[in-house]
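Protein chains in written order, with my numbering: chain A, 1 to 365; chain B, 366 to 716.
Since the hints were derived computationally from the structure, they do not count as laboratory data. Positions of the beta carbon are idealized from the N, C-alpha and C atoms, including for glycine. It is possible that some hints are incorrect.
[Claimed, not checked] If you want the footprint, here are the derived chain A segments under chain B, 3+ residues with CB under 8 Å:
| hint | segment |
| --- | --- |
| 1 | 181-191 |
| 2 | 209-221 |
| 3 | 264-276 |
| 4 | 337-351 |
[Stated by the list, open to error] For lysine-lysine, the following DSS-like pairs were computed, each having C-alpha atoms within a straight-line distance of at most 27 Å:
| hint | chain 1 | residue 1 | chain 2 | residue 2 |
| --- | --- | --- | --- | --- |
| 5 | B | Lys-654 | A | Lys-345 |
| 6 | B | Lys-471 | B | Lys-461 |
| 7 | A | Lys-177 | B | Lys-654 |
| 8 | B | Lys-509 | B | Lys-533 |
| 9 | B | Lys-419 | B | Lys-461 |
| 10 | B | Lys-654 | A | Lys-204 |
| 11 | B | Lys-461 | B | Lys-509 |
| 12 | B | Lys-509 | B | Lys-471 |
| 13 | B | Lys-533 | B | Lys-512 |
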Amino acid sequence: MSETTSDVILESIDLVKHFGSSGFFGPPTVVHAVDGVSLTIRRGETFAIVGESGCGKSTLGRLLLRLIEPTQGDVLYEGRSILSLDAAEMRRLRRDLQIIFQDPFASLNPRMNVGDIISEPLWLHGLGSKSDRREQTAELLRTVGLLPAHADRYPHEFSGGQRQRIGIARALAGNPKLIIGDEPVSALDVSIQAQIVNLLEDLKERYGLTLVVVAHDLAVIRHMSDRVAVMYLGEIVELSSTDDLFENPLHPYTQALLTAIPIPNPQGRRPKPLLQGDVPSPTAPPSGCRFHTRCPHARSICKENHPVAENAGGGRMVACHFWREIQNAGSGALSAPAQSPALTKRMELYMTWRERQEQTKNSNG
Amino acid sequence: MIDNVALHARSADTTGATHSGRDALLRVENLSIRFDGAPPDVNVVDDVTLSVAKGKTLCLVGESGCGKSVTALSLMGLLPTPPARIVGGSAYFGGKDLFRMSEREKADMRGNQTAMIFQEPMTSLNPVFTVGDQIVEGILRHRKVSKSEARERALEMLRRVRIPAPEKRMQAYPHEMSGGMRQRIMIAMALANGPELLIADEPTTALDVTIQAQIISLIRQLQDESGMAMILITHDLGVVAEIADEVAVMYAGKIVEAGSVDKIFMDPQHPYTIGLMGSVPSIGRRQGKLATIRGTVPPAELMPKGCRFMPRCPFADVRCVTDPPPLAEITPGHSARCWYAPLEIHRGGVA
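Next comes chain A alone, as it looks inside the complex (with noise of 0.2 Å):
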């Protein structure tokens, strides 16, 4: 690729995570999580990392910010490769380096009050005073939509939504120049979901933040990133920017991918190819190919090679042998039926009203 290493802000080189077992009751497996991932992010960018479960994408986002120790290959942020720094200088970085998890029950401390939780990390980096953190939690709580008050309560107080703001805060607390979201709004409700997904937005554009979202939700990946990272059994299968990849899919898993999608409209029922069969154990990646057991279009060379990241032009890669004959097939390309008059029409409706309830409630307190 062709990009300046001034606008990119992390970037991983061949990157290898294998788990590994003793096989103290029999041979020893090892779980080949991730595999050979190359990629880089720009400063400023929302970058996602898709894939289904056991394709290695949240070991990816975890090995980007060094929270576990790759087998082989290294990250570089802001060029320097941050797998030599020791621990002192590891702990300087994390400011920079700040991470979202996907349960807000499991991933808040329940002694500590959000206040506590919040300020932990201004407290570990020594930045200000006693005083100082207390008035800098009450502008992270109103930051991400919570009142100063609530830095007296307990996680088990709130609702899922609320803990993942507090989640939130806590991440923006050293003032970090990246984040990376690992599913941070797929255990929540639709409504809530919204919610969240608008506060990062903001978020990332008041602080100038660069995201990585790792997700499952296409939809969601969809509407908040500029490009996105297809996974397969641990390795990336495409990469493209966002409406590149979801108007034009070139790999034949991407295009399963979308097809799969449910789309919320009833007049989009179709007959739908569907891949069959479950994604093999990674364990015993296939040989050649790893998308071939279940590949519509593998022939007898995805079994014996392994396809190399191809460059398909416009910032675009793609591992697959037979990329340019596939992309004609056209299937997968999702085309969004039309929302009916009446729905567009009410939907104007209640953002006109929502937007007027959004300013008395801002008028009233």
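Chain A is already provided as a structure; the job is to place chain B on it using the hints.
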């Protein structure tokens, strides 16, 4: 392999006839359920009326805590009492009131005429028995057949839910299977006795999107083959649009809107339904920010006296604070619980 489901991409337009309830297989009227300890007059399920006809699918849509699962459990006779109590209403299934049956009658019915599948197949399967044994157990409980006949039937069910190498899988334990396979086992178990009504509580929520598509297509095919009725509980509007004939949207224990799937998606009336649709990102090109619904569902002790959606509704006014709106018919077969529906008539002008 490509599994063409053209046959099953049924036309979505149906009449609202099932809501008249005359040809309904199941008819629930004014169902109210209370949890002990909740404030007086705040029912977790409140005045719910719904019906589902043979061969049709009713989707109950709503967010966590809206009462959709409690409604389903009550119909199966699986409600933990106490703390939950049915305080009003009836549920007629083929002429019999489900709420007046003895425990014995309920047990005879469950897994036989009615069956249920749950969100998390791992917790619903017994980890120490093979899946074959678990399916056989259900058949032997309800059918006067020999063990070998029951095994034969179980094997046939595994074939029907398209499990590869079914003979081998009969001997497998739940932990040896993937989530999608386990959900297929649950479906095989639920359908083993040919139920007339299947209740599916978030059957695909825990599954990946490609597996979800497989399971939805499978459920549809099986429904077409058997003509059973189905109540599908979900929060995913995409799944609803794919599979429903009729839809009931629930909020804080009440049905706020009900109608055919076309009416609900093409002509949504209740502000909650509209807000919910705005909260789901489109898979088309991005069109600005998502519409959101303000705040969260109020806890039981703060439940408003009037319309339960009032604190979050952009259109609410004084009337909504004091008077609970009725579920009123807008067009035949399509009703909404809002004083101001249709909104463009009552709320169209600039205030």
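Each hint, compared with the structure:
Chain B is given as covering the segment 181-191 of chain A, and this holds because 3 residues of the stretch bring a CB closer than 8 Å to a CB of that chain, at least three being needed. With 4 residues bearing a CB less than 8 Å from a CB of chain B, the segment 209-221 of chain A meets the requirement of three and the coverage assertion stands. Proximity of the segment 264-276 of chain A to chain B, defined as three or more residues with a beta carbon under 8 Å from a beta carbon of that chain, is established by the 13 residues found. Counting residues of the segment 337-351 of chain A whose C-beta lies closer than 8 Å to any C-beta of chain B gives 9; at least three are required, and the coverage claim holds.
Proximity of B:Lys-654 to A:Lys-345 is assessed by CA-CA distance (about 17 Å); at most 27 Å being required, the pair is judged to hold. Of the supplied pair hints, the one linking B:Lys-471 and B:Lys-461 holds, its CA atoms being roughly 11 Å apart against a limit of 27 Å. Under the criterion of a C-alpha separation no larger than 27 Å, the hint pairing A:Lys-177 with B:Lys-654 is consistent with the structure, at around 23 Å. With a C-alpha separation of about 26 Å, the suggested pair B:Lys-509 and B:Lys-533 falls inside the 27 Å cut-off, and the hint holds.
With a C-alpha separation of about 16 Å, the suggested pairing of B:Lys-419 with B:Lys-461 holds against the 27 Å cut-off. Note on B:Lys-654 and A:Lys-204: the hinted pairing holds, with a Cα-Cα distance of about 14 Å set against a maximum of 27 Å. Note on B:Lys-461 and B:Lys-509: the hinted pairing holds, with a Cα-Cα distance of about 24 Å set against a maximum of 27 Å. Between B:Lys-509 and B:Lys-471 the CA atoms are separated by roughly 18 Å; this keeps the pair inside 27 Å, and the hint holds.
Between B:Lys-533 and B:Lys-512, the direct Cα distance comes to roughly 18 Å. Compliance with the 27 Å bound is thereby established for this hinted pair.
Violated hints are absent here; each numbered hint is respected by the structure.
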